[in-house]
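Work out the full structure: start from the sequences and follow the hints.
Number of protein chains: 2
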Amino acid sequence: MTPYLDCAERLPFSPTPLRRQDPVPSDLEIAEQARRKPITLVAEEMGLYPHEIEAFGPHKAKVKLCALGRLSKLPMGKYVDVTAITPTPLGEGKTTTTLGLSQALGAHLDRRVVTCIRQPSLGPTFGIKGGAAGGGYSQVVPMQDFNLHLTGDMHAITAAHNLASAALDARIFHESDATDEQLFERLMPKDRHGHRVFAHSLKLRLGKLGVQAENPDDLSAADRRRLCRLDIDPKEIMWRRVMDVSDRFLRGITVGQGNEEKDFQHDSGFDISSSSELMAILALCRSLRDLRLRIGRVVVALDRKGVPVTLEDLGVAGAMTALMRDAIKPTLIQTMEGTPVLVHAGPFANIAHGNSSILADKIALHSAEYVVTESGFGADMGMEKFCDIKCRVSGLRPDCVVVVATVRSLKMHGGGPKVVAGKPLDPVYTEENLELLRKGLPNLFHHLEVVRRFGIPAVVAVNRFSTDTELELELIRMAATVEGGAADAVICEHWAKGGEGAVDLANAVVKACEQPSDFRFLYELEHTIKDKIETIAKEIYGADGVDYSELAESKIKEFTELGYDTFPICMAKTHLSISHDPTLKGRPKGFRIPVRDVRASVGAGFLYPLLGKMSTMPGLPTRPSFYDIDVDTNTGRIMGLF
Amino acid sequence: MTPYLDCAERLPFSPTPLRRQDPVPSDLEIAEQARRKPITLVAEEMGLYPHEIEAFGPHKAKVKLCALGRLSKLPMGKYVDVTAITPTPLGEGKTTTTLGLSQALGAHLDRRVVTCIRQPSLGPTFGIKGGAAGGGYSQVVPMQDFNLHLTGDMHAITAAHNLASAALDARIFHESDATDEQLFERLMPKDRHGHRVFAHSLKLRLGKLGVQAENPDDLSAADRRRLCRLDIDPKEIMWRRVMDVSDRFLRGITVGQGNEEKDFQHDSGFDISSSSELMAILALCRSLRDLRLRIGRVVVALDRKGVPVTLEDLGVAGAMTALMRDAIKPTLIQTMEGTPVLVHAGPFANIAHGNSSILADKIALHSAEYVVTESGFGADMGMEKFCDIKCRVSGLRPDCVVVVATVRSLKMHGGGPKVVAGKPLDPVYTEENLELLRKGLPNLFHHLEVVRRFGIPAVVAVNRFSTDTELELELIRMAATVEGGAADAVICEHWAKGGEGAVDLANAVVKACEQPSDFRFLYELEHTIKDKIETIAKEIYGADGVDYSELAESKIKEFTELGYDTFPICMAKTHLSISHDPTLKGRPKGFRIPVRDVRASVGAGFLYPLLGKMSTMPGLPTRPSFYDIDVDTNTGRIMGLF
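Going down the list, the sequences are from chains A and B. Oh and the first sequence: position 41 is 1235 in the numbering used here, straight run, nothing missing. Oh and the second sequence: position 562 is 1756 in the numbering used here, straight run, nothing missing.
If you are wondering where the hints come from, they were derived from the structure by calculation, not from laboratory data. Model, not experiment: these values are computed from the prediction. Where hints are given, some of them may not hold.
Where chains are identical, the list cannot tell them apart; a pair therefore holds if satisfied intra-copy or between any two copies.
Unchecked claim - Derived DSS-like pairs: lysine-lysine, alpha-carbon spacing no greater than 27 Å straight-line: (1) Lys1384 / Lys1612; (2) Lys1807 / Lys1617; (3) Lys1429 / Lys1456; (4) Lys1456 / Lys1323.
Structure representation (structure tokens):
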């Protein structure tokens, strides 16, 4: 039937049967009782050669990029992005739906499927959110590894990011008390034969400065100074530090208060690792070479003349790439029904682009008939960035978008009481209330319009909770197609039933993927920065207009002069409303978007306007998730992580 | 011959032949051209079953602790610790000697050998020191993995440590504006059935407080307050944060300057990860259960009544253990000649105990005829702590100590000019100078006396550098045995020749191990804190006495009252002199040791007096090692790391 089956070395797919119980046990119990295929078998079934993976224990493997070189000659499967309506703070089961859909396609409809998801952040896992491995009978396994270190990519990003922070501060410190000649001597010392050589990064800097020289000793005094003295303006440092812990006390700090450094103390702070520009770069890079170049281009500060200082200028980009050399390989694990899952990168969609990696998607697309990927939060957030940023870089085009909706979130949008993580739900959410539900539907309609704006067929997945009534579910289903214009809308029970509960959804997705896609970007890159921001604000958020702070105005001017105006826009916005204001539920109207600041991720290749206050470092509640997490010291089993 | 050969499933050892070149190429070139056996073969040759390891790619594996359970029925091999004289800042090739000796034993003398070494810290690797994988033809491979993330243990420790830091500050923050009843409600919320349960850590806290209660609702208001309010004194926080980066600007910082936290801002700082108490615990723990208990006992602060607050009280010890669940498994790699190497833990010997793990040593001892382990810096530092701390916890006894000496360092001790990393060596170090060398010998004699004090036979390994002359080498060799009382002294050429260059050393070690060992501790635990400190100061450092600061006096009083006076002592001292003063070379006499402060690592189980100023966070030089590190983006090869 399909050309992918020609791949002779691929084993036929063997689904892992579920042993379902009713009532559904806890996520952890289900995950612990899950049967798992050896990861080498999962890889072989996906069509990967043994030499193309590196096993990390029996149930995880890194996929080497040489696999992509071979696979890229094969045709690509259908590309399905899973998004959602505006969620409650509890989430609406987007990852669960992504996995349920995949299990249905692979284990019940006999379609070759690969799922691509992001690695969760340890901060929220131990803080307020718990694990992120799906739920019920739609999970990835091993869920404990998935929720903890996996194969170390997040740690590699943290290490690389903070090496750059240390390099930046140390450079200012050392330049302060060295003459030009001393800096020259230190940066280009004579080797044992009395020769000096340019390190690679210094050669690149020579090129940037337009200086021609074969031998360091030939440089004029002026050129030595330009080459060796970065002359960073301490007031124009744009690079903070990162940590994968929810540590609110690191949001604002003063560094350099040790005895030796105290003349250089300055304000700084930590963000959570997933918000690092390196994470955005990892997700967007197309090769190891591209990763290296993008890291080199990252702007970390301005010098005293206003010229951008890059990681290449600091001489640290190569070492950072070395730290990320293994992180560039996606990690292969499996769903509970044995279909392959690639986990790669993990940016947040409210402060970054919120999508898993292009490399994982490409490996998946050349290996499967269907690739199910997930973008963070609602269609206004991760999906818009998926289309306008990720697809623009990758050249890939989605064939279908799944919009996850729940009775709970639509009731909230209809005016239901506030939903707060860790607090009991108001009964309105667990009893039938068609009126409240109906009032919330415009939020769904808005997200469907956003999808339509990109020319992609939308399928609504109504993710059933046990307290939902038939009438409530049916109301959403009908409204989504009749009023919302979705290609289809399906009630799903993958949480309780695994893939079997999402077979209807899978059939609807297969059908939608047959429709001709008419994908188009929202804006063209050559539009001005303000045009692009306003297009997103009006067409995606439904705002009346945009108001810029003085700071934002000056940044836009500066970035335009620096030539950054052709970058796409990555809005940093709350995920709890279509607007910039988290309290505005439903489908807000009659508001204007305030742009507080605009920042540049030159390495990742986008500008990010800040709409309102966005926290880039979560905090811990009084009783964090870690309170329940422990290890059974007899078995090594991790308890309380779900 | 030996009972170990009875292990039927063990494959015969197959040495990896070296392809030596003359002159010796760079460490990186040698490492890259090294042949490597699959790690599964290395494991099988060591006598491990396939199910006892978890492969991390083709050349690294974690050894599961179930292996120790099975192996512990087998007899133990000989236990050899490698130490050194007081080193120059360039190091004297201790790791290189450890590996060369192992290659000689395994690949040339047909002895079953396992080597145990520490994981290097990324901070110095990218800062001033470069890699730590040995050198020349005595290296571990894959050296790039060894020098970078290996299997992620260091990152796990960093994550666990910083989770505790965040938990500590957040707890103070949340307690400040909550009533006792609110804290009770938040820490023991009702579940969906209206029941409250004690989390595991709260149950343990109940026991600590001596409160009997089955049901949280039965607690009196006073007990609720005692249970839920830790009442931490912000002035008595003893737990900082850690990072595996040499970032001098994090030595002294102020945290909590964000808008929400600014009423709680306070001084803090970061230490390098290897100095974390968790690293010391990892090296000293005997099982997963022991790890869990030790983490729970760590004291992070005092409450306002002066009572210690532990990680168990914070409810975070279980989650930290979960983060370290895989870090407790040693990592198996190999030497260039194919002998097995266990890498585990990585504490520094100047600020911590500086030894690899007890678990790795035990697995090794039950698998081999000879185990070569390494302790940090000189015999006054890592080896003293090896004997008095590590062996006391493990119950293991060393059979022989190898003391590494070099012409270079002895000349420095004889009064040679200062040796500074990154600066050219004075010619006195590369030309024959028997007088200077002779003047430096007392440093070697002192270290041999230290070894003798513990009742262990000492073998001196004179690590040959290419500029050393025969007369110089012979002078050390003769003096070591005749004047120094070493069991033997051997000139080694393992850097240039691999194991073949250390065959004489290996034979001397085998012979020394046959001598009856008369191992004894330096002090008894029941001695007072001051007695223990003074015994080390006088007998190991040769000091005339000890002077305590006011702070140290009060800490000693406090710790004695708290019952911490039975802990062993882990001196935090410079490694660059036998004394506390790094400028005093040779064998200093007529000095007194100043104790500035005394701190407690209650989880690791030792007190650490601070002698003079010890930096717990290195800094980067103007031209750090990272300047030369990069990735060949065509091959993925890491360049410049050595």
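Go through the numbered hints given earlier and state which of them the structure violates, listing their numbers in rising order.
Per hint list: zero violations.
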